[in-house]
Amino acid sequence: MNKDQAPVLVCKDLCISYYTRAGEIPAVVDFSLTVKPGETIGIVGESGCGKSTVAMAIMQYMGANGGIKSGSITFKGRDLTQLSESELRSIRGAEIAMIYQEPFASLNPSLKIKTQLMEVPLAHENISKDEARQRAMQMLSDVNLPDPERMMESYPHQLSGGQQQRVVIAMGLLSNPSLLLLDEPTTALDVTVEAGIVKLVADISKKFGTSQIYISHNLGLILETCDRVFVMYSGEVVEEGTIDSLFTWPKHPYTHGLFACIPLPTADKNAAPLKPIRGQLPLPFERPQGCYYHPRCDHFKTGLCDLERFKMVHVENSAADHRVRCLRYKEIDHHREVPGGEAKEAIELGKRVLKVSGMKKYYEVRDSSLRALFAGKRIRQVKANEELNFTAREGETVAIVGESGCGKSTFAKVLMGLETSTEGEVRHNGKEISEVAVRDRSAKQISSLQMVFQNPFDTLNPSHSIGGQISRVIKKFGVETDKKKIFDRVMSLLDTVKLPRDFYFRKPRQLSGGQKQRIGIARAFAGNPSMVIADEPVSALDVSVAAAVTELLMDIQREHKTTLLFISHDLSVVRYLSDRIVVMYLGHILERGTTEDIFAPPYHPYTEALLSAVPIADPEVTKREIVLEGNLPSAMKPPKGCPFCTRCHRRIGDICDNDLPPEQFVVDRHIIKCHIPLEELCLVLPVITVPDVSERLHVELRE
Amino acid sequence: MLITTSTTEMPTAGYGAALLRGLKSFALLRESWVGMVGTALVLFWVLVAVFAPWLAPFDPNSSIQPFAKPGVEAVKVGGTFWLGTDHIGRDILSRIVWGSRTVLIYAPLATLCAYTVGILMGLAAGYRGGWVDDILSRIADIILSFPVLVLYIIIIATIGASGINIIIAITFASSPGIMRIVRGLTLDLRNRDYVAAAQTRGESDWRVMLVEILPNARGPLIVDACLRLGYVIITIGVLGFLGLGLPPPDPDWGGMVNETRQMAMAFPHMTLFPCIAISTLILGFNLLADGLREISLRD
Amino acid sequence: MVTLVVKRIGFMIFTMIVVSLILFLLLETKLTGDPATRVLGQFSNEEQREIWREQHGYNQPVALRYVKWLGNFATGELGESIRFKGPVADVMFPRLWNTAILGFVTFAIMIPLSLTLGVLSGMKEGSMLDRTISVFGIITTSVPEFASAVMFSALFVFSLKWLPGTSSMSGGFEFKQLILPAMVLIVYDFGYVARMTRASMAEVMTSQYIRTAVLKGLPYRSVIVKHALRNALIAPFTVIMLQINWLLSGVIVVEFFFAYKGFGALILEASLNNDIALLEACAMVAVCVAVTTQTIADIGYTFLNPRIRFS
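Residue numbers (this note's numbering), protein chains in the order written: chain Y, 1 to 703; chain L, 1 to 299; chain F, 1 to 311.
These aren't lab readings, by the way, just hints derived from the structure by calculation.
Watch out, some of these pointers could steer you wrong.
[Unchecked claim] So the derived label-pair ranges between C-beta atoms look like this:
id, chain 1, residue 1, chain 2, residue 2, range
1, F, F104, Y, I379, 31 to 39 Å
2, L, R218, F, I51, 46 to 54 Å
3, L, N165, Y, I25, 40 to 48 Å
4, Y, I379, F, R221, 45 to 53 Å
5, Y, P677, L, V211, 52 to 60 Å
6, F, I296, L, I164, 36 to 44 Å
Ideal placement from N, C-alpha and C gives every residue a C-beta, glycine not left out.
Using the sequences and the hints given, assemble the complete structure.
Here it is as structure tokens:
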């Protein structure tokens with residue numbers, strides 16, 4: 001790194017507050033940061049930790065009620081907080097550019113891409129329109145967008161999410177800025193698309209020499225893109241250091257807590273389960289005295305941690321510039337607690353609960369365009385599910401993995417009876433259910449197959465109290481009929497999901513996301529179900545909350561021997577908690593097998609790409625890089641042959657385009673749907689290589 | 001996580017708490033001065049309507065002394081015509097006071113009817129979709145394609161002018177608009193997970209619509225109801241003004257303007273005061289709606 | 001796009017037919033009272049009514065009468081007005097022209113005014129200017145047309161004596177007489193359009209793409225003109241087109257009050273005098289104008305919105 005060069009950006013003792021009617025809310029406290037030329041800085045933290053506020057402060061775009069209370073932001077020797085609006089204008093876009101979380105919302109819907117790109121150099125440099133156009137075209141091909149000519153003439157909505165984000169990145173780079181801010185640039189994208197953007201971002205500083213600040217909640221992504229990382233908690237930085245140093249020897253208990261919450265490849269649901277951080281993130285105006293983290297810290301010492309605020313200190317014996325905001329970091333021996341939480345007993349699998357055989361679900365979509373009318377093809381079929389086959393046993397966790405549009409949610413709807421299947425059968429406890437709509441199912445049938453929903457913010461009806469909503473389920477399922485008994489049952493369910501009993505009278509808006517999700521779980525388990533479908537139950541939650549909810553779900557499952565059908569796009573969570581995995585793509589099951597089968601060769605090429613796309617927050621785990629080309633095809637126009645043929649990196653020829661691949665049996669219950677001969681697939685090297693515990697860096701150091 | 005060990009007794013946090021919450025959200029209005037002014041205006045007229053018999057100095061329908069200017073003493077019966085009298089000698093203040101009753105009975109009633117029809121249609125169209133939606137939406141489109149007043153004129157011309165008929169006409173003409181709003185809200189709300197949760201536990205369609213969806217649409221609907229109430233008052237006033245309103249002699253603000261407007265040049269008080277009355281009442285509802293909207297956007 | 005235009009026009013024709021059917025059922029059949037009684041009055045005797053029915057073909061089957069009636073309409077044969085003792089067309093079209101003049105003047109002033117005010121207050125939501133415009137808008141929209149007509153007359157005619165109190169144009173066209181009716185219409189309606197524009201503008205100003213534009217370092221003018229207005233004016237366009245529908249209501253009150261010889265006053269007169277042929281013709285024309293503007297609004301909306309245009 002260019003250590004001698006003058007820093008691009010220096011934030012010094014920055015305090016940022018929002019002023020609301022409730023009073024002043026300190027969003028960021030005592031924030032210092034130095035960005036050197038060509039360096040990529042990562043800022044990581046859970047929601048509400050103030051990481052986006054930092055980005056907005058650097059841009060000097062705080063809104064009417066936000067303001068910098070003290071401290072300075074010096075960009076190339078000029079204090080941004082002191083500049084006039086017109087001086088800022090000459091810096092924004094030209095010297096500092098920003099990439100946003102939602103690419104679609106960030107682009108103007110009624111202007112062509114070319115207008116939006118060309119106006120950047122036109123506003124900042126004295127150049128002709130032709131030249132601006134040339135630059136825009138060049139930049140579009142630099143961010144690996146196919147057919148820049150066509151892109152230039154398109155409107156944002158005509159592009160896919162990944163393409164839109166590439167356009168936003170191109171827009172940011174057009175005036176060759178010295179600093180690029182990226183605020184969760186891949187959160188809204190699918191995993192395999194994300195992988196492409198991450199690679200592009202990682203190449204930017206090499207190619208253009210741009211310094212970057214990368215904001216994310218995902219430690220794995222930070223590891224893949226950054227040189228240095230800042231961990232934020234409740235408005236302050238608690239630890240900073242180079243990637244190697246911080247990821248290998250984290251010092252702050254919070255950083256440690258975060259790692260213990262992430263399902264790393266070393267975690268195991270029975271031997272080494274996740275260890276959630278207890279308690280909740282304090283609200284900005286309820287922050288405790290002393291260390292903000294102390295109420296949740298396992299190493300808290302009365303009379304030391306809860307007295308006054310303290311500065312970041314340089315970690316002793318650390319060659320890199322590793323700093324931590326903890327008084328006791330030297331005394332804490334984190335290795336003693338590794339790995340994770342207490343070991344738990346594995347569930348024994350029982351009888352077969354679910355059998356899906358040859359299930360298909362087609363939707364009919366009316367095409368009302370004139371062309372379709374004249375061609376007589378007014379009704380088009382969307383094949384949401386194509387030939388699904390798999391089984392699940394009592395106490396087993398089966399994960400369905402896939403990106404958006406793969407048909408996993410449709411399948412859940414058929415199971416729940418909200419849709420009926422087109423063909424094939426689904427047997428739950430021996431009874432055919434795929435063609436029985438929910439209104440035709442008996443209360444017993446309904447209560448034995450329940451669901452936990454994805455979005456914590458609308459899983460509960462905001463108009464009714466928690467108690468009322470759970471009571472209704474109990475009454476509806478006929479578990480209890482007596483008023484008093486129903487109430488008792490609600491109380492015991494609240495105990496089960498580890499929530500205080502007085503939540504009975506609360507309204508959903510008084511609950512945090514994690515608490516709502518717990519109520520969602522309580523509701524699903526109200527009727528003693530034999531099987532529960534969990535549709536991305538933790539994807540919208542922060543890591544520490546997600547870990548707690550995941551563990552809770554599995555504890556209840558263990559206790560009730562419930563079959564869990566876990567729908568997710570996140571392979572690391574899936575690897576951690578499931579026994580068997582079903583990989584779906586555009587309505588097809590491309591591969592299914594036990595978790596070990598899926599994570600070891602032979603792979604289906606799509607599984608291989610998915611595995612490679614998952615960011616892993618462990619610097620010693622090595623991954624083979626596979627970045628898929630192109631977009632997810634629309635479910636309206638799937639490819640004729642293998643559904644994956646348009647993006648496959650192992651395509652063998654026309655057969656892939658024209659014929660549906662056969663199911664190849666690797667072993668019993670491990671099936672790969674691919675044209676490539678099994679022998680060849682077996683030769684593929686593993687995607688993820690996890691070093692043995694004894695080979696690990698920190699172990700060597702201790703000895 | 002903490003587990004509080006409370007007894008499993010059923011505490012009584014019932015209607016008292018709900019009432020308190022309702023009052024609290026009303027108290028929020030204090031933070032919007034627009035909403036406060038609106039509430040004050042509406043409250044003023046509601047009180048006037050309630051206490052009309054005690055507030056009105058004279059019988060609103062008896063002719064006492066024609067063409068009296070404001071402040072003139074009543075010669076025969078004693079007392080003062082604070083706002084003057086009209087061409088047949090009826091006290092304008094008394095007519096305005098009693099007229100507030102007419103307006104505040106018919107307008108809320110008509111709005112309520114329109115809302116009942118509109119909400120049911122909107123829920124059905126938005127939740128059921130398909131052909132139900134197609135048919136209901138087409139009907140709404142057709143009704144809404146009439147210029148409103150033309151529609152009223154045609155309806156009143158064919159079924160005649162009376163209180164009930166005005167309510168029918170208003171229900172007919174405004175429920176499609178309400179239906180569109182409810183339909184839009186329902187289309188959004190029906191995709192929420194809690195609706196899916198209700199469906200997956202086998203709740204009936206009506207329960208899902210009325211218990212799961214409708215309560216969550218109340219925010220925008222309350223604001224709209226206030227605006228629409230103001231609009232219905234305008235409509236009743238305009239119908240009265242055009243001579244299509246409530247049959248005489250009972251006082252009706254719009255009708256009062258109609259009856260006396262020929263004399264507006266010489267006796268402006270006859271028309272001016274009913275106009276001020278109706279305008280302030282409508283203003284009250286519109287300001288209230290704006291205040292409610294401002295508050296609902298805050299949290 | 002073509003599909004949409006064809007569809008919209010198809011629906012427009014469908015609406016017109018349904019409306020004609022409703023009008024026919026309401027006014028020409030016994031569904032809501034005997035048309036003969038309605039025309040001849042309550043004090044006519046049965047004999048007179050029978051003669052009238054015979055003369056005007058009311059004894060034929062309903063379906064046949066409807067088809068004939070609709071055919072006459074389509075060919076421009078609008079019937080005879082009882083009140084004006086002449087062909088409906090001769091009475092109606094000059095009146096329509098007068099209303100068009102009034103409407104044009106109203107729109108020519110109201111639209112630029114309300115768009116400017118709406119954009120200005122939406123640009124800086126919560127500012128002093130925004131609040132002032134908002135409250136002023138609410139106040140003017142709260143005064144019904146007949147009330148503001150009374151108040152303006154009291155002020156400009158009675159007290160100040162600046163303007164004439166009636167607009168009958170008996171001595172030929174005089175612009176001065178148009179001022180009060182137009183003013184009443186503008187005052188009542190500009191608040192609504194301004195508030196719609198404001199809401200749309202305010203929403204756009206908080207959108208992420210405006211943030212993108214600001215953070216690109218574009219001049220404020222360019223952010224507003226190039227990025228904000230383009231999106232913010234799509235919704236008001238529809239609102240403005242639909243105001244024509246509203247105008248057809250508003251003119252009834254205003255024309256009645258100021259004795260302006262326009263289309264609105266004519267509808268009212270037809271209805272108060274049970275002039276069925278005239279009422280039918282006027283209603284059909286009113287609905288036709290309303291539906292046409294709605295169709296234009298819909299098509300225009302899609303045309304202005306590239307998200308719908310290219311999908």
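Hint-by-hint comparison with the structure:
For the pair F104 (chain F) and I379 (chain Y), the beta carbons lie near 48 Å from each other, so the given range of 31 to 39 Å is not met. Separation of R218 (chain L) from I51 (chain F) is about 59 Å and departs from the stated range, judged on CB atoms against 46 to 54 Å. Separated by about 57 Å at the C-beta atoms, N165 (chain L) and I25 (chain Y) break the suggested range of 40 to 48 Å. A C-beta distance of roughly 50 Å is found between I379 (chain Y) and R221 (chain F), which places it inside the suggested range of 45 to 53 Å.
For P677 (chain Y) paired with V211 (chain L), a C-beta distance near 58 Å keeps the hint of 52 to 60 Å intact. Evaluation of the 36 to 44 Å hint for I296 (chain F) and I164 (chain L) yields a pass: the beta carbon distance comes to about 38 Å.
The earlier numbered hints that this structure contradicts are 1, 2, 3.
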